[in-house]
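Residues per chain are reported as follows:
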Amino acid sequence: MDLNVLSFATQVGILLVLLAVLHQPLGAYLARTFTSHRDLAAERGFYRLAGVDPTADQRWTIYLRSVIAFTIVSILALYLLQRLQGILPFNQGMAGVDPWVAMNTAVSFATNTNWQTYAPEATLGFGVQMLLLAVQNFLSAAVGIAVAVALIRGITRSQTSGLGNFWVDMTRTVLRVLLPISVVGAVLLVVGGVVQNFSGTPITTIAGQLGQTVPGGPVASQEAIKLLGTNGGGYFNANSAHPFENPNAFTSLFEVFLILLIPSALPAAYGRMVGDKRQGYTVLTVMAAFWLISTTLMAWATAAGAGVGLGEGFEQRLGVAPSSIFATATTLTSTGAVNVAHDSLPPLAGGLLMLNMMTGEVAPGGVGSGLYGMLVLAIITVFIAGLMVGRTPEFLGKKIGAKEMKLVALYILVTPALVLAGTAVTVAIPDLAAAAPAAGPHGFSEILYAFTSAANNNGSAFGGITSSGPGLATLLALAMLLGRMLPIVLVLALAGSLAQQRKIPVTAGTVHTHGPLFATMLGGVSLILTALTYFPALALGPAAEGLVK
Amino acid sequence: MNTTTLIAAIPLALRKLSPRYMVHSPVMFTVLVGSIVCTLVTVVQLVQGSSMAAFSLAVTFWLWLTVLFGNLSEAIAEGRGKAQADSLRASRTSVLARKWVDGGNGTFREERVAGTELAVGDLVVCEAGDVIPSDGEVVEGLASVDESAITGESAPVIRESGGDRSSVTGGTTVLSDRIVVRITAASGQTFLDRMIALVEGATRQKTPNEIALNVLLASLTIVFLLCVLTLAPMAAFANALPTPIVLVALLICLIPTTIGALVPAIGIAGMDRLVQRNVLATSGRAVETAGDITTLLLDKTGTITFGNRRAVAFLPAPGVEPARLVEVARLSSLADETPEGRSIIDLAAQQGVAEPSLEDLGHNSGELTVVEFSATTRMSGLDVEMASMADGGTRQIRKGAASAVAAYVADAGGFVPQETAAAVEEISAQGGTPLLVASVEGGHAEVLGVIHLADVVKPGMKERFAELRAMGIRTIMITGDNKITAGAIAAEAGVDDFVAEATPEDKLAVIKREQAAGRLVAMTGDGTNDAPALAAADVGVAMNSGTNAAKEAANMVDLDSDPTKLIDIVGIGKQLLITRGSLTTFSVANDVAKYFAIVPALFAATFPGLGLLNVMGLASPSSAILSAVIFNALVIVLLVPLALRGVKYRAVSAASALSRNLLIYGLGGVIAPFIGIKLIDMLLSLLPALG
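Protein chains in written order, with my numbering: chain A, 1 to 549; chain B, 1 to 691.
Just so you know, these hints were derived from the structure itself, not from any lab.
Check the hints yourself; a few may be wrong.
Derived DEER-like restraints, expressed as beta-carbon distance ranges [said to hold, decoys possible]:
(1) 527(A) with 682(B): 24 to 34 Å
(2) 212(A) with 239(B): 56 to 66 Å
(3) 527(A) with 652(B): 26 to 36 Å
(4) 429(B) with 36(A): 51 to 61 Å
(5) 471(A) with 239(B): 16 to 26 Å
(6) 248(A) with 652(B): 50 to 60 Å
(7) 77(A) with 663(B): 30 to 40 Å
Quick reminder that beta carbons are idealized off the backbone N, C-alpha and C, glycines included.
Next up, chain A with everything else stripped away, as it sits in the complex (with noise of 0.2 Å):
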């Protein structure tokens, strides 16, 4: 299919300035979020309700035992809603959920990655997909941006082991800005013309006779929150390539607009929480660096590859632009919503996709978890620029010891040793590699980008791999729940020692944590990470198959 230049550079381009504008007055709402001290009436009774004090300074301890505490709840509620979905109202008469799919999809949507492993339409009601899925949508994307603020909080506080408190965070993130912006969004995506009704669609055929019911549901309100948290379950299997939720090229610049509006916004509240706006900026630059040169590169590889003259896995409607634009940005941050079938892409653009969330989804990220992992890649950069100009490391104030070299050493090696594990499992036991029956690297890609996707959190699926299996369905489910909450429990530990510290005062000596070296660095200092790492992996899947000599 050809790339139009002239219309990707102008998609590009809106968003650019789209986020250019918006992300600053969203990161300022945003910090003043996290940094006010008044509660709103809604808050107040939510919180009596729960029985919780919102004046409780929690330690990391205390602030990781509730996120553990209510991702559990979370995944128990999932999984036993889903089973009792035949006994239970609104489930349009669909039965309970298979367990092993109940258990994955479960432990998918509390993750904030939203792997589906089933057909929603055909597997879901109503009920199930309004009262839980969309509900865990806002949750489990209100906890990656509550870690964040803990994290950010452990960088700004000094002598202190209080990290706030995640309650507070949790509902404060969903109260006042999720559902705001998301009504905005669902309102903005009817007008677009995503479906929102509780009845099947009756389509007429050209002959004027009533020739099918296509099912319809409450779509466009769970789509802007599917993007809007980077969480990427759809509705439909489809997901935003299906024309219910995504009809035309207006709707998926736009949910790609919501995919990137709150991970774009973070860097600059994070800027204005440590007072100081170049650190955000900073943070923005690189994310926004890597976003424009992987979308790029995208665009040339959908275009430029080998046997995709058919446009096989791409909706009509859009083409090359439109879809890789929305691919990048799917994996660039923790979405894993498509508008593509990234299965059909040309092999080195799949294998760009795969090397976008093997990153750790940082540019810019899932929210929440785009920010956090970036300072995490920030802390090891200037970790060796201390070394390399003579100075013990310190990030803004703060040294960088042992013991937190400690905590940033495991949380990279986390991710990559669920992706190459799960992966290294699942090809060396045939009936799971059955799974995917690919022939030759291809297989082997689909394999790898299951894992890719569950460690990372994403949830977009290369597809041709069948994961409902007992065996996958554990595998995946388990590298999404490691993936998520290891490096969580890693963060909340790195905000409370660096919380505890003494801030350092900046002199001339300081390596800046901001401008344009800084960010080269660790700009370069992400991609060797990652590039060494997957290095092999990737040369055996979409290398292997997209090189020809």
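Starting from the structure of chain A, add chain B where the hints point.
The following block gives chain B in isolation, referenced to the frame of chain A:
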């Protein structure tokens, strides 16, 4: 580094192959395990007569060399310390001490005991020619002592009871006179013993930063271990399973062996550089902290300025010829042996007046009476019998404190001209010391002018402080002078801040204040009253000439007793970290090229497209892998001199140091192995066995 030290280090390097020892470095331990695995595989292949055996043998051989090179770098670094320790140990030969034993009734008798049997608190007598048996404090007498065994400085030093020059070090020799010393260190815990242990590296512990770096290196090792371990099933899935030898080779090439092998050598060499500058650190941690120092506390006297005030100008009174003032001022100081007096003679000589000498003056005129300075008169000078004069009167020449000389002149009926009084005020305001020069001759009293004495800032100090500022280090000058004097010197030297009329308690308070603001403070000191501040400072450097209390409290001792060395120490600390950081970057950046060498070699047979990744155009899969392994081993050896010498350190801001080192070791680290591996491959491809 020369051939001798290299050969001397080999046995130690081999001893270090013990797994018990190797396990302390996760990176090099992984290489050791890899080498063992490869050895076993190669033996099996040799027995089976496999065609791969030659290649396996070559890889295994180079893997063992990699391990050995790592140990060798550490052994060479340690070897340098050993040589120093041996020369120190030579001065610790057992000495017979002349111990004073209480004979009752307040009498003492002398008893000969071995130096090693002395206990803390014992009294020993040392006379000319005696070696002082252990560290101690002079409680009686004064002696000149040769401390060259410790300091390398041949000029003898004076040690006397009481005051700040009372400490003596075991192993030094009394040259003249007799002292009684109270022993303050038991055998085996003396300064010399500590020094030997330090330079030998016996007490070397990993420093905090070294631990943090090791964490990063260990995690990189685990990442690559995982990468290679999971590659096996993935490659098998693609029907392209490489041999274990190749997988181990890939692993060893990827893990950060370069920095892993050189970390111990870098640390030892850092300590060594301090020792070469005659500074002893009690721990590697102190050296590292020195690099982080953000505030330097410097004593004004002796550090920033020359120890004494010097004459810098003659300001004649109205109507007085400048030459006459110079002449009289010079005469007034001819008999003055104080440094101030000498500096007046020097300044006069600079202005062309070097005559007459005191003797000539005596010959040419009548009797001379030297008037010594005293605390009551606060003046000094000469009374000259003027034989030439008709009435045979005397000429009285005086210089001294302005108020004292003014009173003296008024007594003789003279006065101080207004301009001169103004000059006196002016000099005081600048922080200098004004000395009035006057003469009374034949009943006529005349003020000739003012000598301006000032603290003279040592040359080059201003530039050094500017350098420090660029590096982000604040300098604070500590002085007992009043605020005006202190402010003037501070401005002239270009320090960032100063504390005037400082007491030892003030020093401690400044340190506490700076530390409370999160800064790291370094200071030097020598007196007992400096001890609390030395202990509180993050880096406290005691002068070897100082008291034992100061040396105990400090974490470094400067054997040359040169307070400005603090600035060098900061540089050494920084250099240590820079070397570590640069080589880490280099090591990791190297991996890019190694992947491009090995991955196509592994899989191009199965997936011809991956041959495109062979950007270096390496001859064959075997030669590609072997070239990467050889490069990986050789680069350790090539970098040993750099590790020992340290990466070049410049006093520049963090940003420019970073961009420079990033360019050299980051970008250089990416490019260098592409060239190196290609060259090795070109050589290897000439060997038929690997074809």
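If you check the beta carbons of residue 429(B) and residue 36(A), does the distance land in 51 to 61 Å?
holds (56 Å)
Between residue 527(A) and residue 652(B), does the beta-carbon spacing fit 26 to 36 Å?
holds (27 Å)
16 to 26 Å as the expected CB spacing between residue 239(B) and residue 471(A), which holds or is violated
holds (23 Å)
Does 56 to 66 Å hold as the CB distance between residue 212(A) and residue 239(B), or does it fail?
Check failed, 46 Å falls outside 56 to 66 Å.
Starting from the hint 50 to 60 Å, judge whether the C-beta atoms of residue 248(A) and residue 652(B) obey it.
holds (57 Å)
Pairwise beta carbon distance, residue 77(A) to residue 663(B), judged against the given window 30 to 40 Å
Cβ of residue 77(A) to Cβ of residue 663(B): about 55 Å, so the range 30 to 40 Å is violated.
Distance restraint hint 24 to 34 Å, applied to the beta-carbon atoms of residue 527(A) and residue 682(B):
holds (30 Å)
The structure is inconsistent with the numbered hints 2, 7, although it conforms to all the rest.
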